[in-house]
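J.: Okay, here's what each chain looks like letter by letter:
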Amino acid sequence: MSGPVWMSASELAAALSSGSLTSAEVVEGLLARADAIEPSLGTYLCRTPERALEQAAASDARRAAGEAASRFDGVPVAYKDIFVTRGVATTAGSRILEGWVPPYDATVVARCGAAGLPGLGKTNLDEFAMGSSTENSGFHVTRNPWDTGRVPGGSSGGSAALVAAGGVPWAWGTETGGSVRQPAALCGVVGIKPTYGLVSRSGMVAFASSLDQAGPIARCVGDAAALLQIAAGHDARDSTSIPGPAPDLLSGLDDGVDDLRVGVVASTLGEGVQPGVRTAVEDGFRRLEKLGADLIEVSLPSFEYGISAYYLIAPAEASSNLARYDGVRYGRRAEGDDVIEMMSRTRAEGFGTEVKRRIMLGTYALSAGYYEAYYGKAQKVRTLIARDFERAFDAVDLLVCPTSPTTAFGIGERTEDPLAMYLSDIFTVPVNLAGNAAVTVPCGVDEKGLPVGLQIIAPALGEATMLRAAHAFERDLGWAGSSASRPPL
Amino acid sequence: MGRVVRVEAAAVTVAAADGFATTVGLEIHVELSTRSKMFCGCEVAFGGEPNTRTCPVCLGLPGSLPVVNGRAVEHTLRIALALGCDIAARSLFHRKNYFYPDIPKNYQISQYDLPFGVGGALEVPDGDEVVRVGIARVHLEEDTGKSLHVGGTGRIADSEYSLEDFNRAGTPLVEIVTEPDITSPGQARAFVSELRALLESLGVSDVRMEEGSLRVDANVSVRRTGEAEHGTKVEVKNLNSIRSVGRALEHEVARQRSALEAGGQLIQETRHFDEKAGTTSPLRSKEYAFDYRYFPEPDLVPFEPARADVDRLRASLPESPARRRERFARELGLGAHDIAVLTASARVADWFERAARAYGGDAKRVANWITADLFGLLNEAAAELHETRFSPEDLAALVKLVDGGTISGKQAKAVLQEMFATGKAPDAIAAERGLQQISDAHELGAVVDQVVADNPDVAAKVRGGQTSAIGFLVGQVMKRTRGRANPALVNGLLRDKLAP
Amino acid sequence: MAVDRAAVDHVARLARLDLTEEERGRMSAELTHILEHAARIVALDLDGVEPTSHSLDLRNVTRPDEVIPCLPQEDAIAGAPAAESGRFRVPRIIEEP
Ligand SMILES: [Mg+2]
Ligand SMILES: [Zn+2]
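Heads up: the sequence lines are chains V, R and L, in that order. So the first sequence is residues 4 to 492, counted in the numbering used here. So the second sequence is residues 129 to 628, counted in the numbering used here. So the third sequence is residues 256 to 352, counted in the numbering used here.
If you are wondering where the hints come from, they were derived from the structure by calculation, not from laboratory data. Beta carbons: idealized from backbone N, C-alpha and C, even for Gly. Be a bit skeptical, because a hint or two may be false.
[As the list claims (entries may be wrong)] Some chain V residues near chain R, calculated using beta-carbon distances under 8 Å: (1) Val91; (2) Ala95; (3) Glu101; (4) Gly102; (5) Met207; (6) Ser323.
[What the hints assert, rightly or not] Not close to chain R: a few residues of chain L, all C-beta gaps over 10 Å, as computed: (7) His288; (8) Arg314; (9) Gly341; (10) Pro346; (11) Glu350; (12) Glu351.
[As the list claims (entries may be wrong)] Looking from chain L toward chain V, a few residues come up when the C-beta cut is under 8 Å (computed): (13) Ser310; (14) Ile323; (15) Pro324; (16) Pro352.
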């Protein structure tokens, strides 16, 4: 046994509960692991070891007193640096927020804190979550533990790489167009994009408000589901939070798939999909069938418009959400003779290239004369995509397709071609536009030994069914917890 | 890309006799008197230490989200209903995007094409006429912070730098936009007064113009009579009192007329009213046209007020100032002047009604005491009626003391002064001062007998039919009672006693 | 639809981005390229399709009108790049709102 490093959150919880490990030992073990992997991966933007050890000590004291805050009290977690943390610098991966220390906690952070999870730190991301490779971080790139010459995906690349490399059993990411699922797939771990409104957005630095949603990343489906369960449920601070308690995501995990009709999205295995991805995903389809699911081919004709709609809606909302970074109230300021000059220089210096590109694109799409043609049209395409999903879910319980058309690509490979980078999100974006749920689960490796993710898509609030399918798949594949799932780092 | 102009409606402009016609449309911003702000729990209040009423939401901190104050929506719906608007079956908040250092998020959460209320009207007294001013829309938005300009004269134009206070940021703000139905500065003033009274009666705002809780912008254009097209529209800002509305518009109309008379061209622009100088001057011209890039606020969900709730709100509206004026005329028989004065403010009208009810008799008597005497005292003290230390019932009691002959009208004025100063009840003051009239015939009879006995010559004259001489005897009685005798009673007693 | 330099300049001004000459040139090409891709949906005939701005089916979400404690002044201005007497200090404002 290598100590806590490769243990799942559930295993750690059991060890903490039985007293065979203390939270302090777990935190120390993971801090040491991070020391070892950070130089080659760069997963963190900010590490908080002292805080984590304090929280671990408090957790151990609770356990000793028989007052564990939750089943997972004492199991450490890491947060994508887009969740605001009271007293801990939060940058959203941007130089424009350098030095800002939030006076409040995101709801996700507060709920994990209340469950007793020590926070190890804040992970790297594409600036303001805009990117699919974590190369757009304003601070440094993060590398894929399977091949450090390649990207971990993005924008939650720091969290995905950290989880994959054994630095933490689970971590929080966020999605706007696939930013949890795509890096999870490229790093060979599980990532959930919950139904829009299931997890509070309060304290998540906004990218595109109508699409943003927090999602857990873990090395197995059970852990990902459990982390989601901790944070899910209504929050009065978020007007778009689904009312009522969260559905039970855990008790049905072992129920199998033999009662399920699963739709294969035909168009997603065609041109532009890497052969190794196609093979692994097709094997995955057969595995589901073997496990008892009925496979049905379905077509979602509007799927192909997803990227076009997404790259109008998300930048439009972002152009407005990012207007607040102006050098007046917090963060960086450049000098200027008057307030317009100060703001324009602050923003020019503080934002990176991709962020500026999207602000420009979004501002253009909303400007007078173009609104109807671009933003208005994109909102209508959103309706078409939602209708396609609705129709599909009349016939099937779940949909399956690749998470990403390719496995991890090389660092620098797509940075010169924004559109090529945007196309990484082609299979994930429709889910964000329609607001329903999806999970990526490892389904093997490509010809180069790089992980491939199988995406399972559910209707809104269909997480429980989706997760039990992912769980059955994962168990049968035998990847999670195996030595094959550990990157050769 | 021009400036986004929200509402344009055809206007019926009354031609002025002198060859020019004026068209005015008003945009009024009303701060609601909710306890907490529009989208967060920070307290709504005026003034205070800077940046002490803020939180992550109203400072626009990253990650913060707005949540709509339910009472602000209810207030908005009540305003819209009171203005006769249709309540939209579906309303949305939109983001209005523009950079300005007093807007924490650099967008204002406002409403665009789906406001809460559309298509109402307010009837406004204009001399002997009633003018119907259309209401284009009533929408809800958030207020900005406040900039303090440092250096120079304190105006933006010549300041060295500015300081931002976000205490006001996020205060619920209702915007009311009229149709361009107003045809004179006087009508504009009357409209604002009427609206102010209406808002006050609804209890939705402090309507204190001097504190900025009611702010008026005006769109003014002048054209030659007979021209079908509206003239060039000029927006006038900074109208901080009802008086300013009249003064600014009079100046602006005159300016536009003389420009036209001189054969000049007007430009579409925004002008600032200078309170001291009484003139308008152009605001620093925009570097480029605004393009607000409105889009639906994704952090909020749509509003679809239930019919039943709207009906319930409509049914619970208080009587409007106009209805109240009618009732004061019809039921209380008050004259136009009293009605105008007593209904300018709902608080005043409420106070008067309470006093009139307690009095029970001719309401004109109570109205007189308020408009003639009490308002004088209030003016001197720069106070408002609802702040007086005595109750409307106390005023009624005072008028009754006069009616019953217990004290004289002149004495009552002195008593009122003391009521105003101390809040004491009128009978207590009269008793303390020994002011109560002697209206007891027995007690006065003794004094009368004495006076007649002491002035036999005068008494004889009266008996002889020279009734005018009776005045001397009445005066003597008053003197001996130190003015407390009821003069009418004394007169009667003397006549009886000295009957020929 | 080509996004020419004039459009880039206008949008950069609206967005308060003081872009360099080189960035402006690149923006023009990149935005044009991305919008060409978007043209696939611009060309769709979607008359009669309702726009979706929220995927949620929620309505009338409000909170009670209750006051909660505010941040102390020092916390409110803690992140300010420049402050003076409890207020955020900014360079001179050259336009009225
Ligand atoms: Mg407004
Ligand atoms: Zn606040």
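J.: Each hint: holds or not?
T.: Each hint, compared with the structure:
1. Val91: Since chain R brings no Cβ nearer than about 13 Å to V/Val91, farther than 8 Å, the hint is violated.
2. Ala95: Holds: closest Cβ of chain R sits about 7 Å from V/Ala95, inside 8 Å.
3. Glu101: V/Glu101 check fails; min Cβ-Cβ to chain R is 13 Å, beyond 8 Å.
4. Gly102: Not OK, violated: V/Gly102 not within 8 Å of chain R, min 13 Å.
5. Met207: Hint holds; V/Met207 Cβ to chain R Cβ min 6 Å, cut 8 Å.
6. Ser323: holds (5 Å)
7. His288: holds (22 Å)
8. Arg314: violated (5 Å)
9. Gly341: violated (4 Å)
10. Pro346: Given a closest Cβ separation of 6 Å, the condition is violated.
11. Glu350: violated (6 Å)
12. Glu351: violated (4 Å)
13. Ser310: Since the shortest Cβ distance to chain V is 3 Å, the answer is holds.
14. Ile323: violated (11 Å)
15. Pro324: violated (12 Å)
16. Pro352: violated (12 Å)
Violated hints, listed in ascending order, are 1, 3, 4, 8, 9, 10, 11, 12, 14, 15, 16; each of the other numbered hints is respected by the structure.
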